[in-house]
Amino acid sequence: MQSKSPAVVEPVEPSPARRIGLFSLFSSPTVDAVALEERAANLAKRSLKKEAKVAGLKLAISMMDLTTLEGKDTVGKVEQLCRKARRPMEGDGTLPSCAAICVYPNFVTTAKKALEGSTVKVASVATAFPSGLSPLPIKLEDVRRAVEFGADEIDMVIDRGAMLSGDYAKVFDEIARTKEACGPAHLKVILETGELGTYDVVRRASDIAIAAGGDFIKTSTGKVQPAATLPVTLAMLEAIRDHWYATGVRIGMKPAGGVRTAKQSLQYLVMVKETLGDAWLTPDLFRFGASALLNDVLMQLEKERTGFYQASADFSKE
Amino acid sequence: MSDITRREQTNELALQFGNAWNYAPSREGTEQVSLKPRYELFIDGAWTAPKSNRYFATINPATEETLAEVAEANEEDVARAVTGARAAYDNVWRKLSGKERAKYIYRIARALQEKAREFAIVETLDGGKPIKESRDIDVPLAAAHFFYHAGWADKLHYAFQGREARPLGVAGQIIPWNFPLLMAAWKIAPALACGNTVVLKPAETTPLTALMLAQIFQEIELPPGVVNIVTGAGATGAALAAHPGIDKVAFTGSTAVGKRIQQALAGSKKRLTLELGGKAANVVFADAPIDQAVEGIVNGIFFNQGHVCCAGSRLLVEESVHDIVVRKLQDRMRTLRVGDPLDKNTDVGAINSKMQLGKIHEMVAAGEEEGATRWSATYDLPSKGFFFPPTIFTGAAQSCRIAREEIFGPVLTVLTFRTPDEAIEKANNTMYGLSAGVWTDKGSKSFYMAQRLEAGVVWANTFNKFDATSPFGGFKESGLGREGGRQGLAAYSEVVG
Amino acid sequence: MKKTQEKQVNPAGFVRGGAEIVKAERAEENVVTHRLSIPKAWKMYVGGAFVRSESGRYFQVVGATESADATTTNIPLASRKDFRDAMGVAQAAQPKWAARTAYNRGQILYRLAEILEARSEEFVRSLVRGGATEAEAALEVAAAIDRSVYYAGFADKLGALLASSNPVAGPHFAFTVPEPIGVFAVLAPQKLPLLGLVTTILPLVCAGNTVVAIGSDLDPRTVITFCEALATSDFPGGVINVLTGRAKELAPWFVKHREVRAIEAYSDDAALLTELERGSADAVRRTKTHHAVAREWFFDDRRGQGLGFLERAVEHKSIWHPVGL
Chain A
1 MQSKSPAVVE PVEPSPARRI GLFSLFSSPT VDAVALEERA ANLAKRSLKK
51 EAKVAGLKLA ISMMDLTTLE GKDTVGKVEQ LCRKARRPME GDGTLPSCAA
101 ICVYPNFVTT AKKALEGSTV KVASVATAFP SGLSPLPIKL EDVRRAVEFG
151 ADEIDMVIDR GAMLSGDYAK VFDEIARTKE ACGPAHLKVI LETGELGTYD
201 VVRRASDIAI AAGGDFIKTS TGKVQPAATL PVTLAMLEAI RDHWYATGVR
251 IGMKPAGGVR TAKQSLQYLV MVKETLGDAW LTPDLFRFGA SALLNDVLMQ
301 LEKERTGFYQ ASADFSKE
Chain B
1 MSDITRREQT NELALQFGNA WNYAPSREGT EQVSLKPRYE LFIDGAWTAP
51 KSNRYFATIN PATEETLAEV AEANEEDVAR AVTGARAAYD NVWRKLSGKE
101 RAKYIYRIAR ALQEKAREFA IVETLDGGKP IKESRDIDVP LAAAHFFYHA
151 GWADKLHYAF QGREARPLGV AGQIIPWNFP LLMAAWKIAP ALACGNTVVL
201 KPAETTPLTA LMLAQIFQEI ELPPGVVNIV TGAGATGAAL AAHPGIDKVA
251 FTGSTAVGKR IQQALAGSKK RLTLELGGKA ANVVFADAPI DQAVEGIVNG
301 IFFNQGHVCC AGSRLLVEES VHDIVVRKLQ DRMRTLRVGD PLDKNTDVGA
351 INSKMQLGKI HEMVAAGEEE GATRWSATYD LPSKGFFFPP TIFTGAAQSC
401 RIAREEIFGP VLTVLTFRTP DEAIEKANNT MYGLSAGVWT DKGSKSFYMA
451 QRLEAGVVWA NTFNKFDATS PFGGFKESGL GREGGRQGLA AYSEVVG
Chain C
1 MKKTQEKQVN PAGFVRGGAE IVKAERAEEN VVTHRLSIPK AWKMYVGGAF
51 VRSESGRYFQ VVGATESADA TTTNIPLASR KDFRDAMGVA QAAQPKWAAR
101 TAYNRGQILY RLAEILEARS EEFVRSLVRG GATEAEAALE VAAAIDRSVY
151 YAGFADKLGA LLASSNPVAG PHFAFTVPEP IGVFAVLAPQ KLPLLGLVTT
201 ILPLVCAGNT VVAIGSDLDP RTVITFCEAL ATSDFPGGVI NVLTGRAKEL
251 APWFVKHREV RAIEAYSDDA ALLTELERGS ADAVRRTKTH HAVAREWFFD
301 DRRGQGLGFL ERAVEHKSIW HPVGL
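Going line by line, the protein sequences match chains A, B and C. Last residue of the first sequence: number 318 in this note's numbering, and the count goes up by one each step with no gaps. Last residue of the second sequence: number 497 in this note's numbering, and the count goes up by one each step with no gaps. Last residue of the third sequence: number 325 in this note's numbering, and the count goes up by one each step with no gaps.
Excised from the complex, chain A in its bound form:
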């Protein structure tokens, strides 16, 4: 049962979206799963060799949101991660920093401090991550606190239950209010695609997230399988593309969870390049949410540099 305390009661007044019955007028395009997956598989067949591979892998590093979202996270772990994000491989000055590190709100202060003077952003999950099933005021407070602590970016989760039960207005409103709560911070909206069942629902959730003010749309929390896949990312990129066609506004994309290998990261980059074009090939508009990916990318880069296949033991785990 929900508490009756005024602090946690949802606003009574209907939102603008509810008042105008926005979602009875609004319909997303449908997605054909087989053709979508076929296209994703074809894009994954692009062959990247030599300098294209090196350039792609470096780009991938610059787009990584190096993530740790575990119950056992500590200051020490977060600090190590920050070090790795600043300088992915000791002794190789040619490598870019990662785009951001992604942590729970409690570690934002730690991360912010550890990253001082670098270009690496601090992203914090919020809104009762990963389920999102807390009252909105609490979720908004979660966001405000994370921003107060210094988060540059907020990774929120949508209410998947509301999405699946057809309460699109609720999904929209929560995103819109989270966006307000973000203030200057950028908002990434996690759809948790692994719980949405079909690409059609993913597409609809993407459209709602974009319409409600998300700067990025993001596949997954990493806590649910399947997390990011190439086809689900493609479906979301198509939503971003349609928004650009309609408005000229560029929305970012972040596949998260499940991207573990250098090869996969290149497949995602190919997909972005050939779906949205050059403008999106920047950490401003594309991110990987990952933890294990970085080491595999570093190993592949080292292989390209030295010509030797690498051993994972030679690369620091954090």
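What the hints contain is simulated information worked out from the structure, not anything from laboratory work. Small disclaimer: the values here were computed from a predicted structure and weren't measured. Only true hints are included.
Residues from chain B that face chain A, not an exhaustive set, calculated with beta carbons under 8 Å:
| # | residue |
| --- | --- |
| 1 | Ile290 |
| 2 | Asp291 |
| 3 | Arg327 |
Using N, Cα and C, we set each Cβ at its ideal position, and we do this for glycine too.
Add chains B and C to chain A, keeping to what the hints say.
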């Protein structure tokens, strides 16, 4: 790193597919391929010099370099091949049990799989198609056809609902240059499975993979004469079709030549199947999954440089989504990589021959003359070889040549419609009837359209899909008979009872 | 009629034409009256109506045995324009005929069998008039009726027998269904005017095609009598159209009409059949010719009917649809 420039409005009209991150060349190596400088005719299980004493060069259309010399079979050579096939039919093949025939055909399938990479490379060298297509489609599908039909050889008594299937005798088969190996497999596999022997004539611009197939026949010890391969141009094909010693003609190629063969066979009692041209309508409704439809449009017309008889060369778009579909299609076309067919990232390869390139240029000129608007993205085409940029025409009338005649190149004509019945009327307003596409999210509409589109193959929310189990062939002037599936066996069987 | 009087009429109850004397029913009065019989004007069957040739031409037949019109009879001699008109009608009727359910087409074919059965004596008389012996005629009529029943029961089965679900190697549901080809031009066998016509056209209409047929010109009256049966069955007008005329004159027009999608032709004239095959190339017509087919063939249920006849009446259409969420 710059600060995030979020939700900023841009005023560009098209997505930018530039040089932010370039793919390096990724060329399939040709080291494992060893072509002979000269190929003789394959008759009676042996390589034999042509009585014509003539040879012609087969070139790589992407470089215009000669790959090999190939024997030109004259009437006498064709007659030798037919005699060989007849003897093999009478003495060996018809006497074999289906079970044993099956095992030979399985051997062919396996050998083809083992040599898949080599075949893919040669197919690309000789024909100009992108290596990713020959590697992922042509060769695996060719092997699949042998596997599929091998399994029929000892089950033909189930194929015709209680009726007996008897072989016809010697089949004369004439195949085109757009899918050289695949068409050879489509023709040879069912013929052998049904107990016939074969004389095959590959296209003059793409004979090499058929000749490599002959090498496989030797290696797997297919009895001599069961399949004979005679290379040459139109005259060789005509001699084969006209030879009184064959019982069946199977032809894939242009409607004009198909009609000549049908005419020549009048009164001969020879059986005939034809797979001819097409001008397929690809119908896109407003309720379609548009992004996937755009992929289907691209695959429909630019697959194999549009050298596909069932290519979706007429796009019929519901008027309400015409502009967005064309905009998306254009952006998608900007991402097509046109060029070196051996590069694994090439989407659109070389036009098969200089002659075909000329025909495409002529049709495109006609389209412009008739007032349609021509559009292509900017492509960096190789300076040597035969290439043509993927092209679309908008604002074309139903009566334009580019909307009625088969171009057999990477050229799409875009037309519009307002209601489903108008779409059907326009789609069927052609003497062709090979294939059609329909894109809609509504199941009942999909079936309504599929029932009414006059085409031997209807792809709903997909396009250019092929499978050995699925009969393929045309309505109207797109052909006679079917290839593939249970129904395709009828083309190589006399069904009794 | 009394038995004694029946001797004056032929076994089927008809009296001979014009000058024949008929005794009245009221035989007890023994009144002898003259009654002039009403010979029928024989017409072709197009679009569900009985029509003369637009050309005004006719040919004459003389009955071989006693009958109401054993005297010379005028039969419409169809012209190429009659063929053209019939083609137009058949084309218009085809989509609607194909759109009927297979069950409905089967019912209509069964209705035809019922009508033929009810009029079987008339058909026997007609065939005898055309030159058949009583025994031959009876056999032919029986076979024609049985063949109608045979195809009546096939209309809703050929789909199941000829179609397939194709297990393609991918995430698609693919299936192949038989569909009618369109309008068939038919040159019916000269011999066996009833059974030959039935054998040729019924599988075609069973599968949803429509037909323009040239009936036997050796016995056109049996052909037209069959059309009268058609007209009283439930066949919609235009599905089966039958012309009377000369094969040699009309059949060549089969291959000069672009809407003729397919041809079934029986003839003893090999040159004519070759001409049809050759001419078919211009439209890639599905043309099946049958040269000098023996009578017994038509009576043989294993050869004169079957699934093969329906296979020739259809095109296979393969349909693919993705399977996914």
